[in-house]
Amino acid sequence: MTMDRLEVMHLVRAHVDQKVVSDRSGLVGVGIGLRDPQAVIPSADEGYSIVVVTTPGQARTMSSLPSEVTVSRAELEAVAPVSTLRAALPDTVTADVRVEEYELKPLTPTGPAPAQPDDEEATRAGGFRAGSPVHNQNGHWVGTGGCVLNIDGKNAIVSNNHVFVTGPGTGVGTTIKDRAGQSVARVVSGRQNYDCAHATLLDQAAFNNDLPKIGAIRGMTGGINIGWHGRKFGATTGFTDFHVRLILPIQNIGWGTACQLVNMGGFNVPVIGQGDSGSVVVGDHNEVVGLMFAGDTVVGHSGANEIYSIGWCVDITQAFPGSSVP
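So the mapping is simple: the working numbering equals the position in the sequence shown, first residue as 1, plus 9.
Calculated directly from the structure, the hints in this document are not laboratory data. Computed from a predicted structure; not experimentally measured. C-beta: ideal position from N, C-alpha, C; glycine also. Some hints could be false.
Cβ pair distances, simulated, as ranges [said to hold, decoys possible]:
1. G228 / Q146: 30 to 36 angstroms
2. S76 / L15: 17 to 23 angstroms
3. A124 / S52: 37 to 43 angstroms
4. G178 / D105: 45 to 51 angstroms
5. P75 / K163: 47 to 53 angstroms
6. G331 / L15: 23 to 29 angstroms
7. G66 / G309: 19 to 25 angstroms
8. Q146 / R82: 44 to 50 angstroms
9. R82 / D105: 17 to 23 angstroms
Could you put together the complete structure from these sequences and hints?
Shown next as structure tokens:
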């Protein structure tokens, strides 16, 4: 069995991260991206590059990086998991290396909640609805409730830690309200390292996991990869779909592998905005695969809220291990 190019590139990425990048100043992480830095939809013969991601203004610290690396089979084996070594590795692999700068901004809303989408009430089944705005116990809009998952045997709304736990007027033990001001859930847990949190539905309240313009959620899975197509519905930007152009194990924060999402329409087209925090990302078969947590590259505003042409999500199975769709 021979590994495909992308599988090999995962090993090249690990090698570059461990052995080539020595200056960690401003480093966000070392990932894999499409070879064409402006590509959104990968072509049939698309190649890949190692992408070193830094915070804004820090690219100069990476000036000593080579523009290309050649890695031997022995070096690949040194970073390969045991299961990978059952496959044949090439004698050498050559890959481009480039540096990109991003500022991952939490998607905290700054203005009033948006008006209710025209089709929401008609399809609502009562109680909480996936993709709806969520409010703290004082009625202040704090983000989006992604969907309902069954966590530790109880149905719970999932969102971000910065929405349910560290947002204004929130925290473990506080109540979450819906758009109508009704208390629907109580926050029971949050984790900063994956920017994820959940709030158990009060008295197992009614809920609707039918995302507007997407449909009913059907299961959950992990393993997003380069070129993958996904969709989301958030309180600010509504429905958008996108491709993954970069996967990035984030350094020093423990967020696991983050995925950079770019709108199908290309760069400078809105994909997510402030207030979309906590939206879930679903695949072509309506399976939940990710949790949105940040955006960057401002391309406009929706009311007082910034909207972005790039979004970031984490693997839903890393954020909520052992959970399921009820």
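Tested hints:
1. Distance hint check: the CB atoms of G228 and Q146 are about 32 angstroms apart, consistent with the given range 30 to 36 angstroms.
2. Between S76 and L15 the beta carbon distance is about 21 angstroms. The supplied range of 17 to 23 angstroms therefore holds.
3. Between A124 and S52 the Cβ separation comes to about 40 angstroms, which falls inside the hinted range of 37 to 43 angstroms.
4. For the hinted restraint 45 to 51 angstroms between G178 and D105, the CB-CB distance of approximately 47 angstroms keeps it satisfied.
5. Against the hinted window of 47 to 53 angstroms, the Cβ-Cβ separation of P75 and K163 comes to about 51 angstroms, which satisfies the hint.
6. Checked against the hint of 23 to 29 angstroms, the C-beta distance between G331 and L15 comes to roughly 28 angstroms, which is consistent with it.
7. Between G66 and G309 the CB atoms are about 24 angstroms apart, so this pair conforms to the stated range of 19 to 25 angstroms.
8. Evaluation of the 44 to 50 angstroms hint for Q146 and R82 yields a failure: the beta carbon distance comes to about 58 angstroms.
9. The beta-carbon spacing between R82 and D105, approximately 20 angstroms, falls within the hinted interval of 17 to 23 angstroms.
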